[in-house]
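Enquirer: Residue numbers are given in numbering that gives the first Met the number 0: position 91 of the sequence shown equals residue 90, and the series is strictly consecutive.
Everything labelled a hint here was simulated from the structure, so no lab data went into it. In this text the structure is predicted, and so the values were computed from the model without any measurement. Misleading hints may appear alongside valid ones.
Using C-beta positions, here's what the derived DEER-type ranges look like [as the list claims (entries may be wrong)]: (1) Y26 x F58: 35 to 41 Å; (2) I141 x L4: 17 to 23 Å; (3) Y27 x R168: 31 to 37 Å; (4) Y26 x V102: 20 to 26 Å; (5) G76 x R133: 16 to 22 Å; (6) G140 x L4: 38 to 44 Å; (7) T39 x G81: 32 to 38 Å; (8) F59 x Y27: 20 to 26 Å; (9) R168 x G81: 22 to 28 Å; (10) L24 x Q73: 21 to 27 Å; (11) F58 x A130: 22 to 28 Å; (12) Q139 x V12: 21 to 27 Å.
The beta-carbon is built from N, C-alpha and C at its ideal position, and this holds for glycine as well.
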Amino acid sequence: MKARLLIGGFLFVCLLIQTTVVPRLFYYLGTYSWLSLLKTHTIDFPLIILIYLGFRRKFFSSTIWVCAITILVQTFGVAWKGSMLFSFFTIIILATWFKKHIVARSFFQKWVVVFLFSLIFSIVQLYFGSAFERFMQPFQGIWGFIFVQAMINGLFASLVFKIIFKIERTMNRRFRMEENIFFKTDFEYGASSF
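Let the sequences and hints guide you as you build the complete structure.
Expert: So, in structure tokens, the structure goes:
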């Protein structure tokens, strides 16, 4: 229970950072350096945390996290009407399905997994957002933005994974004794490893 509360608190702090500090930092980096692509981007912390929880938790527990994260994200005004919920739910379904097939130990492997999941998340969010907001051609001219956003999410995923791993490891006695699919491979169950 303590680990869940701390992960929820960590998510809240990450959302504060995502909506206040990171956009301003990326805007300044884009304005005053050669990184002009970063002007309109941010780090999607809820997505990265949800990818971790999707690979780590069972489907029902992950679904509860989807609902909690969606409510929290919508209080910050980040989401469109219902597209965020459908996007998060798609990520949980895919993470549950790929949980036993993916092994990613190095930084690059984690980056690739989060990059691909971020691409899928963005495509699903644009599709449902266009359906709910009723605008035509949602994918026209947005592919560069989606790819850069997925790259940024992949770059920060390892750090977020390590922080959540430390929270779970220190707060949960049961977790200290079992393998974590993000940092070790549990060959007995065929679980994935990050």
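Enquirer: Now tell me, hint by hint, if it's right for this structure.
Expert: The hints, checked one at a time:
Separated by about 38 Å at the C-beta atoms, Y26 and F58 satisfy the suggested range of 35 to 41 Å. The hinted window of 17 to 23 Å between I141 and L4 is violated, with their beta carbons roughly 37 Å apart. Distance hint check: the CB atoms of Y27 and R168 are about 35 Å apart, consistent with the given range 31 to 37 Å. In this structure, Y26 and V102 break the distance hint of 20 to 26 Å, their C-beta atoms being roughly 37 Å apart.
G76 and R133 have their C-beta atoms about 20 Å apart, which keeps the hinted 16 to 22 Å range intact. The hinted window of 38 to 44 Å between G140 and L4 holds, with their beta carbons roughly 42 Å apart. Checked against the hint of 32 to 38 Å, the C-beta distance between T39 and G81 comes to roughly 23 Å, which is inconsistent with it. A hinted range of 20 to 26 Å for the beta carbons of F59 and Y27 is inconsistent with their spacing of about 43 Å.
A hinted range of 22 to 28 Å is violated for the C-beta pair R168 and G81, which are about 35 Å apart. One distance hint, 21 to 27 Å for the beta-carbon pair L24 and Q73, holds here, with the actual separation near 24 Å. The hinted range of 22 to 28 Å is satisfied by F58 and A130, whose Cβ atoms lie roughly 25 Å apart. In this structure the supplied range 21 to 27 Å is violated for Q139 paired with V12, their Cβ-Cβ distance being about 36 Å.
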